[in-house]
Every structure is written in C-alpha cells, then in structure tokens.
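Trainee: Next come the chains, spelled out residue by residue.
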Amino acid sequence: MKALDRNIVLGYISAFGSAVSYGIVTLVAQKIINDYFPPVVASAFSIIFGMLILGFLFIKDIFKDFQKISFKSLMWVLLAGVSGAWGVTFWFIALNNGPIVIVAPISATFPLVSLVLTFVFLKKIERLTFRIVLGSVFVVLGVVIIASMNN
Amino acid sequence: MIVVVFALLASVGFGTSAIFIKLGLNSMKSTTGTFLSLVSGSLILITISLIFYSKELVIANKTVFSWLILSALLNFLGGRYLNYTSVNLLGVARATTIIGTAPLFATVLAITIGNETLTLPVLLGTLMIIFGLLMVISEK
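Order-wise, the sequence lines are chains R and L. Oh and the first sequence: position 27 is 27 in the working numbering, straight run, nothing missing. So the mapping is simple: the working numbering equals the position in the second sequence, first residue as 1, plus 1000.
Bound conformation, chain R alone (with noise of 0.2 Å):
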C-alpha cells in the first residue's frame, strides 16, 4: 500500500475510534458526573489523569519532540487545549442555565464551525469541495435529531 494511502486509511481509523472513545465517555462522565463530583471538577481530574499517562506513555517522543519544535507551533498547540478547555467550560455553564435539550443539540454543531474557519484561515492547507460541505451539513442534522431526541 502507498504511503499516501496508508496515511488515509490510518486517518479514517484514528477518526472512527476518536468518535467512540467520545460515546463510550460520556456514559463514564455520566456515572461520575451523577454519582461523585461536579462536572468541572472531574473534567479538572480526568484531564490531569490524562497528562500523566500520555506523558507517561509517549515521554520518548515529548522528549524528541522538545528539541526541535517551533514557537509558533507550541503556541498554536497551547491554544488547541485552551480552546477545548474553553468548549469544555461553555458546555458545562450551558448545561447550569437551561435544559440539555438545547445544549446537546447546539454543542453537536462544533464540525460546522470547523468547516467555517477551514475555509477562512486554512485555504491555502486544505481543499474544501460541496461534497465534504454536504456530507458534513448531513452527519450535523443527524446528530442534533439524535442529540434532541435523547434527552
């Protein structure tokens, strides 16, 4: 198989499973949000977890990584995890001041505001075509009729 193609398949599989970690999580927050904290505080928890077993699991790469690593991507990573950390925040004082039937479905849009900024800041990176567009608009709608009926 040409690398390329690896690389795609690769991607796809990475994608599908990130997809059902995130599902199969929500039933563990679910239990530990109902059953032992408030919902920031084990987001606070499970992320410092996370830290340390990733950094535990892939130490030699960080290391690597370290040595040779730009200040602009450092900053750009930085944000990435401010910026989750910031969804993650809205989502929790959303959940405070109204009903998860209109946060679940609303929050479930985050791939169209993806798609919106790919086509702002990332033109020269990545080729958005009407099909990714449509399929997109299509996984979206599914997701909010589910999301809505769900809770």
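Hints in this document: simulated from the structure, not taken from any laboratory. The beta carbon of each residue, even a glycine, is placed where N, CA and C say it ideally should be. A couple of the hints might just be wrong.
Claimed, not checked - Stretch by stretch, here's where chain R covers chain L in the computed footprint (C-beta under 8 Å, at least three residues):
#1 1057-1071
#2 1094-1105
Claimed, not checked - No more than 27 Å apart at the CA atoms, straight line, and that leaves these computed lysine-lysine pairs for DSS-like:
#3 R:Lys31 to L:Lys1062
#4 R:Lys124 to R:Lys72
#5 R:Lys2 to R:Lys124
#6 R:Lys124 to R:Lys68
#7 R:Lys60 to L:Lys1029
#8 R:Lys123 to L:Lys1029
Chain R is already provided as a structure; the job is to place chain L on it using the hints.
Mentor: Then chain L, alone, in the frame of chain R:
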C-alpha cells in the same frame, strides 16, 4: 436565550480547537501535541475548580480513582489523541465531521447495553449520519 449563546460558545471552542491543532502539528507528533494541549487545558480547568469547587477536590476512594482513570483513558488517549492524529492525516473538515458522530455511538451503546429503545427519530438521524459519512469518505 443566554443558554443558546453559551452552547454556541462551547461549539466555537470545540470547533476552533481542530484548526489550532492542524496549524500546530507542523513540527511535532500528535502525541506531543495532545500532551501540550492537556497541559494548557488543565491549567484552565484546575483554576476554575480551585476558585469555585475547592472543597470538592478530593478523591475519596479507589472506586472513584478507577472511574477517573477510565474516563482519562477514553477521553484523552482514545478520544483526543486519535482526534488530533486524524486531523493531522485527513484534514480538519473530514476528521471533525467523523468525530462529530460520537453521540451516535453513545446512542448505539445505550440501546445495545442499556435499556433504551430505538425510536423513529433516532433511526432517521442515524440514516442521515451514514449518508453524510458516505459522502465525506467517498470524496477523493
């Protein structure tokens, strides 16, 4: 109305994260990118927890500890690390669209393992997701 604004801000946060990571993974592996994003994210969540929930920052027993480890493994090793890997390999648009289907997997689990039943809207939503995914995946 305010709840809509907060939910939209959450969506913007999740959506923006993929753009930042795509820009950041130029000079590092996704393992390092995931680790560094956890460092900056944890600083924010720990600060919020210390300000608003300082009395609840105690892990009472081994059971709680086990649940938190499981949550961390699924959320950050399975979820975020694979998320960033796929954004790096497939691009933001395809990767976030696939990752956005996570509620479908939660629903499938709730139906197969839990006591929830398959309703017509859930079936309709599932078909729309599959159709959308086929469009995204079949694009060369």
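Trainee: Of the hints given before, which are not true for this structure?
Mentor: none
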